[in-house]
Structure formats: C-alpha cells, structure tokens
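From first to last, the protein sequence lines are chains A and B. Residues in the first sequence are numbered from 1035 upward in steps of one, following the numbering used here. Residues in the second sequence are numbered from 192 upward in steps of one, following the numbering used here.
Simulated from the structure, these hints should not be mistaken for lab results. Remember, predicted model here, so these are calculated numbers, not experimental data. Glycine included, C-beta positions come from ideal geometry on N, C-alpha and C. Among these hints, one or two may not hold up.
Coverage of chain A stretches by chain B, computed from C-beta distances (three or more under 8 Å per stretch; other residues unrestricted) [stated by the list, open to error]:
1. 1036–1043
2. 1115–1127
Using C-beta positions, here's what the derived DEER-type ranges look like [claimed, not checked]:
3. B:S256 x A:L1152: 55 to 65 Å
4. A:W1056 x B:K316: 34 to 44 Å
5. A:T1270 x B:S256: 35 to 45 Å
6. B:E503 x A:N1054: 44 to 54 Å
7. A:L1152 x B:E319: 44 to 54 Å
8. B:A226 x A:L1142: 42 to 52 Å
Computed far set for chain A versus chain B, every beta-carbon distance over 12 Å [to be verified]:
9. C1100
10. A1131
11. V1158
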Amino acid sequence: MRHFRTLLAHELRTALLSGNTWASAALFLALMGGIHFFALLECSRAPQPWTPVEATFRLFWLPLLCVLPLLTMRSFAEERRSGTLSALLTTPASTAAIVWAKFLAAWLTWAAFWCAFLLFPWIVNARLGTAGDQRLSDPATLFGGLCFVLVSGLLHVALGILCSCLTRSAALAALLTFIALLGLTAIGGAMDSLPIESWSWLGWLREPAAHLRTFGHLQDFAGGILDSRPLVLYITGMMLSLGLAVLAVEGQE
Amino acid sequence: MSDVAPQPEAAVAAERLTKRYGSLTAIEDLTFSVAPGEVVGFLGPNGAGKSTTMRILSGTMAGTSGRASIWGVSVALNPAEAKRHMAYMPENNPLPEDLRVEEYLRLRARLKDVDAGQVDARVNKVMEDCDLVRRASGRLIGQLSKGFRQRVGIADALLAQPKVVILDEPTIGLDPHQILGIRDLIRSLRGQMAVLISSHILHEVEQVCDKVVIINRGRLVAQGRTDDLRRELLPHAGFTVVTKASQTELTALCTAVEPAATVEDGVATDLGWLRYRVVLPAQSPARETLAATLLGAGLPLREIAEERYGLEDIFLAATRRTPAEGRRS
Chain A
1035 MRHFRTLLAH ELRTALLSGN TWASAALFLA LMGGIHFFAL LECSRAPQPW TPVEATFRLF
1095 WLPLLCVLPL LTMRSFAEER RSGTLSALLT TPASTAAIVW AKFLAAWLTW AAFWCAFLLF
1155 PWIVNARLGT AGDQRLSDPA TLFGGLCFVL VSGLLHVALG ILCSCLTRSA ALAALLTFIA
1215 LLGLTAIGGA MDSLPIESWS WLGWLREPAA HLRTFGHLQD FAGGILDSRP LVLYITGMML
1275 SLGLAVLAVE GQE
Chain B
192 MSDVAPQPEA AVAAERLTKR YGSLTAIEDL TFSVAPGEVV GFLGPNGAGK STTMRILSGT
252 MAGTSGRASI WGVSVALNPA EAKRHMAYMP ENNPLPEDLR VEEYLRLRAR LKDVDAGQVD
312 ARVNKVMEDC DLVRRASGRL IGQLSKGFRQ RVGIADALLA QPKVVILDEP TIGLDPHQIL
372 GIRDLIRSLR GQMAVLISSH ILHEVEQVCD KVVIINRGRL VAQGRTDDLR RELLPHAGFT
432 VVTKASQTEL TALCTAVEPA ATVEDGVATD LGWLRYRVVL PAQSPARETL AATLLGAGLP
492 LREIAEERYG LEDIFLAATR RTPAEGRRS
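Take the sequences, apply the hints, and build the full model.
Shown next as structure tokens:
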C-alpha cells in the first residue's frame, strides 16, 4: 500500500507537469466548449425537448474518443520504450501497484477534465440565467451526467491503460484505445437503437443488451435512477482490464 | 531470540539456470555463486547471455528452469523479498528524463522501503558517495552527461544499502576519468555488499573483482580467482628473449634446463638482434633459472622478460574452451 501511494503521488505529479496532459485538457475543453455552445445555440433558436447540458452530455463519446487515448497512451508504452518500466520492476513494488497507480492517476485526471467542464454551464447560468430557471445548468442533470462519465470512465480509462501495456509505441497505444472505445460505444449505441425486444429470435440477447445500453445508462444517471447493473458492468470491466494489464506487463518483462 | 537473519553462504546463487526463447537457448545449466561481500566480474562475449542472466537474477525476467536466489531467497518464488535484498542497474541505465536527480532518488528510496525518516539522509549520503551533490543534484536527469547518468544509476543501486548489487556494464560509454571514479566506488563496496558486475573492460574487472565468472554461448566456461584461472587456463610461462643467437643455439640451451621448452621462430629487430618467444611449463623450475642459464652461456643477450598474463588472456583462453571442459574444471 505504501508503494501504491508513492507511485500514485509520482504519477499525479508527472501528469500535472506533463505538456501532454495540458494539451489534452485544452483539446477537451475546446471540444466540450464547442459542443455546449452549439447546444445553447440550438436551444435559443427553438424550444427543444432537452436542455443544453443534457445535449452536451449525450455527446460524451466525442471527447472520449478524441481525448482519452491521448491521456492514457504514454502510461506504459512510453515507459517500456525508454526502459524505465524495467527499472521500476526491480524495486519491491508489485506490478499490480504500478498498474493501479497509473490507472488511478489517469482516471483522476479524466475526472478533473470533466469537473473543469462544469464551469461552462455555471458561467452561462451566471451570465444569462434567470432566478428560478434551472434549464441552463440543472444541478441534477449535471450531477447525474458527471456520475455517468466518472463511473463509465473507470472502464474506459482501464481499457486505455490495457492498450498502453500492449505496445512500446504511444501512437499505436492511442490507436488501439480509440478502436476499443469506438467499439464499446458503438455496441452501446446499437443496443440502444436496435429494436431487439421486437425480434423474437433474438430473445436471448435482451438481457445482455440491457446491460450494454451506454446511452440508456447516461439517461438513467441523469434522471437520478441508480441501477446497479451499469455499476457492475463498468467495475467488472475495469477489474478485468486491469487484471489483463498486470498480466501483460509481467508477461512482457 | 535475535531478529538478525543469518548470513547465507551465497549472496547470489544460480543453480542450473536455463533460459530458452523457443528453439533458441540463451543460457543453459548456469551454476555459480557470489559470496557475501565479494566483488565478482561476470564476463562473456557479446550475446553470451550475461544480461539475460542478470535480468533473471534481478527478478525482471523469468528463467525457463533452474533456481536463482538472492540472499537465500528464491527470486521466482518470493520476488518482492528477493528484491528487498538486491539492487540492479540494467544495461544502458534507463532513467526518467524529466525528473531532477534528487527527486528521482527520493522516489526510488521510498519504493525500496527505506524508512521514511531515513530517506533524506540516505539520498544525501549516496549523492555524496557518487559525487553528485555539487554538480548534479538539482539538475534534470535528461540534461546530465553519460558519466553523471551512470553515477545516478549507481547511487540508486546503493540507496537502500542492499546485500547484493548487480551492475550490468556500469562503465560503458564513460571516459577514463569517469571509469576511475566508478572503479574506486565499486572497490569501496567490497566487504559491505556482494557485487556482481558485467563489463567488457577486462582491465577494470581485474582491478576491482575478487573472482570472475566467464560464460560463452550461454554456458559457463570458467569461474574462480584470477590467479587460479591463470594457472588452470594458461599452463605455460612465456618469455621474450632478444639475442643474437640462432634458434638452434637458443633451443639447445633452453631444453638443457627444461626438456619441454619450446622456442618460437625469431623476429629480426635491428642490427642483427632477434626477438624469440620461449615457452616453458608453468610449474617448471626453469622459470627461475632461465635468465641465469642464458647469461652463463655467454649468449649475446639484450633482453629477457617473463610475459604477464592478464585477464584478457584468461578470457580468451576460457572462451575458446568447450562448456564441458568448463564444467569439468
């Protein structure tokens, strides 16, 4: 546990001082700022069935695919390329402690990005909002949406860490993460949009499909519904990915 | 009851260590040991399996079969405990470029279980020992010269006062002044910790090490003290003789004192002087009397000198022999 704390502090410090993190943060905020701006624009033109914050959160997959791979790509790939991972493994710190420290540091950075995004609705509300009207920054939607991206982020960041363990090239790690996240989001989206309930021959798929409805999870979280199934999905997915990451590091070294 | 663990017979022990990559055998049946406090040179040509062996001993790579132990602890069965007794500096000494030397050493000290209250003291001590305090402590590692980077690697290895230090090519790429500094540093560790050091600079190894282990093509070909190996691998004594005598005359005189003596063809030097090489068995009493015999015979003699066999000669002789001969010895 002492090693884990030491490694986590080191990883957080490295992330804070890394130009890569600040570039990723700038890209994330520019992307989210743009999305939020256009959502506000749409709502100002005509009444919409959704609030600007809801519309922004529904496009969570855009920063997920564009920014998260940049955040996790260097975690192991760069250390393997430079050989510093071998040096780290000569200490009594376990591989699991190293993997978990890198994962948690990346997840906390990802969480910090999303928390920084919350400033946009807050600023908009402060400048344009009227007393009693919460449409510009509904706290419940904001809290629910944030909970969703943080909980689903456990699996997404863990996938990024796993992809980074598989190669010495940070660029290839980013590409692998992009493909994995795209696949996961596309499956989640497909499960939401396909009328599986009406296809009797796909009856066996109904139950697993209910688990994988990514956008449905977002709606549930934003609506204040706490369903344990997505929690189990994201946490077990994270544990599986990190377990594989530990095996990958031990196997390669 | 004492809390102090008994000192094992071997600080480092490799028993029938084998590593295979598919059909390629990197090392096979490697058995050797390093006693506590001993400095041992680990030698072999490029691709002999030195780095593979060191990586297995350090727990960063698993062997295919055999047993590796550090301070009596199996590296495969209890890697965390084995790593507590050991420090390993890999070849090329990979270091994070964006950390300052002092920050890096503090991080490593905490990861190596140095007591929280002792971290500052240990970091300062190793920086002093490795001459890093004045010129490098506050600098980014990425800005350091090769010599200082090697010093940082060695400082890291000494941080937690391990029982065993494994250094893979610690002097590679250094200038002669830096090599001297590293040599003195390693010499100062003798008696305090067991050191296994691989190097291509045989002169350095000879100066620093109590014992050498020589491998070739993944197999052990010789191990022991330099003097013992010299006797074992080079069972003859060579003399350089510069004289005006013919080969026949010289051979007659030499075989008179030692029937097994041989005289190799002379090489003309200047003004009619010839340089011969006379070879006697290493244990021959004629080694003591050859010079007197030649002088007593009235031979025109300008020079007679016994050749000194260094580690380089031992290394060449050892790497020429077969592994079976190495095992028998």
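Consistency of the hints with the structure:
1. 1036–1043: Answer holds; 4 residues pass the 8 Å Cβ test.
2. 1115–1127: holds (count 11)
3. B:S256 x A:L1152: 55 to 65 Å: holds, 57 Å
4. A:W1056 x B:K316: 34 to 44 Å: holds, 37 Å
5. A:T1270 x B:S256: 35 to 45 Å: holds, 37 Å
6. B:E503 x A:N1054: 44 to 54 Å: The hint (44 to 54 Å, Cβ to Cβ) holds, given that E503 of chain B and N1054 of chain A are roughly 48 Å apart.
7. A:L1152 x B:E319: 44 to 54 Å: holds, 50 Å
8. B:A226 x A:L1142: 42 to 52 Å: holds, 48 Å
9. C1100: Its Cβ never comes within 12 Å of chain B, the nearest being 25 Å, so this holds.
10. A1131: A1131 of chain A not clear of chain B: closest Cβ-Cβ about 9 Å, inside 12 Å.
11. V1158: holds, 38 Å
Violated hint: 10 only; the structure is consistent with all others.
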